[in-house]
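Each residue of the sequence shown is one higher than the one before, starting from 204 at the first, in my numbering.
No lab work stands behind these hints: they were computed from the structure. Even for Gly, the Cβ is constructed at its ideal location relative to N, Cα and C. Worth double-checking, as some hints may not be accurate.
As the list claims (entries may be wrong) - With a straight-line cut-off of 30 Å between C-alpha atoms, the simulated DSS-like cross-links for lysine-lysine are: (1) 266 - 305; (2) 240 - 306; (3) 256 - 356.
As the list claims (entries may be wrong) - What follows is a set of in silico ranges between Cβ atoms, one per label pair, in the way DEER data are often shown: (4) 240 - 433: 44 to 52 Å; (5) 237 - 299: 39 to 47 Å; (6) 277 - 433: 24 to 32 Å; (7) 429 - 238: 37 to 45 Å; (8) 364 - 296: 36 to 44 Å; (9) 248 - 425: 26 to 34 Å.
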Amino acid sequence: MQGLQKIFALDFDGVIADGLNECLLVTWNGYYDLEIKNFSLEGLANIPASFIKRFTHCRNFAKHLGHFAVAIFDMDTPIRTQDDYERLYLSLDPIEVEIFVKKVNEYRTKAKQERELLWLEQHTLYPNIQSFLKGLDAPLYIVSAKDSDSIIKILAKTGIKLDPHQVFGEQRNKPAALKAIQLEHSVRPDEIFFLDDNIINAIDVKQAGYSAYWAIWGYQAEHHWELARQHQITSFSLEQLPDLISAMSKSFNEETV
204 MQGLQKIFAL DFDGVIADGL NECLLVTWNG YYDLEIKNFS LEGLANIPAS FIKRFTHCRN
264 FAKHLGHFAV AIFDMDTPIR TQDDYERLYL SLDPIEVEIF VKKVNEYRTK AKQERELLWL
324 EQHTLYPNIQ SFLKGLDAPL YIVSAKDSDS IIKILAKTGI KLDPHQVFGE QRNKPAALKA
384 IQLEHSVRPD EIFFLDDNII NAIDVKQAGY SAYWAIWGYQ AEHHWELARQ HQITSFSLEQ
444 LPDLISAMSK SFNEETV
């Protein structure tokens, strides 16, 4: 068969970069209307330890910026499973959540503009990711809940330049973004290889017919391993990334024999 093409679509936070400290700073400082000078290492040290602990736990379940509001509005309710987290999120006042999202987004934009170097330094690429991305012999897209401008800036700093059309930012429905990529390239759903550290995103994408994998070096909870088994989602560690390329190549060769 001619014309078969494999495409990679990757999440950003938790797959390509670790931006936990940036998320902590913009969430706390943005919601509580702190000055931009507090976007700093000193500002990070001034965030209450109890909030850092709660936010870090919540980050394992969060799929988008609105989910970060859980750590702001509820410090005590136990969270073990993804269902626990979703129920807690849905119990929040949606108007207050939207206010939260607006304030945090505005603070993040200000941090990028006024403290760009420090802001960039709060995002660390995971080991081997840079070489993995540069070595890909396939079209690459980023499909993330993070905004596109931030993703492009962070990657450009590491020497990885992406066109805006390759970045689908602020995505709450990742299968919809993959559908747009699929239509652009006229490929089957299973010819798009999607990698995300959020197991729910991976499950949603697999159920939509795409080739979905779970990046286990990112944000996760113990319960997510159970979900991965139930839905037969294949996991990959950073060390196994070359195996993902091999799996893609094997699938391609089988289809073209």
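Hint-by-hint comparison with the structure:
1. 266 - 305: With Cα atoms ~17 Å apart, residue 266 and residue 305 stay inside 30 Å; holds.
2. 240 - 306: Roughly 16 Å between the alpha carbons, so the hint for residue 240 and residue 306 holds.
3. 256 - 356: 28 Å, holds
4. 240 - 433: 44 to 52 Å: Distance hint for residue 240, residue 433 holds at roughly 47 Å.
5. 237 - 299: 39 to 47 Å: Since the Cβ atoms of residue 237 and residue 299 sit about 19 Å apart, the hinted range of 39 to 47 Å is violated.
6. 277 - 433: 24 to 32 Å: 27 Å, holds
7. 429 - 238: 37 to 45 Å: Given range 37 to 45 Å: holds, Cβ gap about 43 Å.
8. 364 - 296: 36 to 44 Å: 41 Å, holds
9. 248 - 425: 26 to 34 Å: At roughly 29 Å between Cβ atoms, residue 425 and residue 248 fall inside 26 to 34 Å, so the hint holds.
Of the hints listed earlier, the one the structure fails to meet is number 5.
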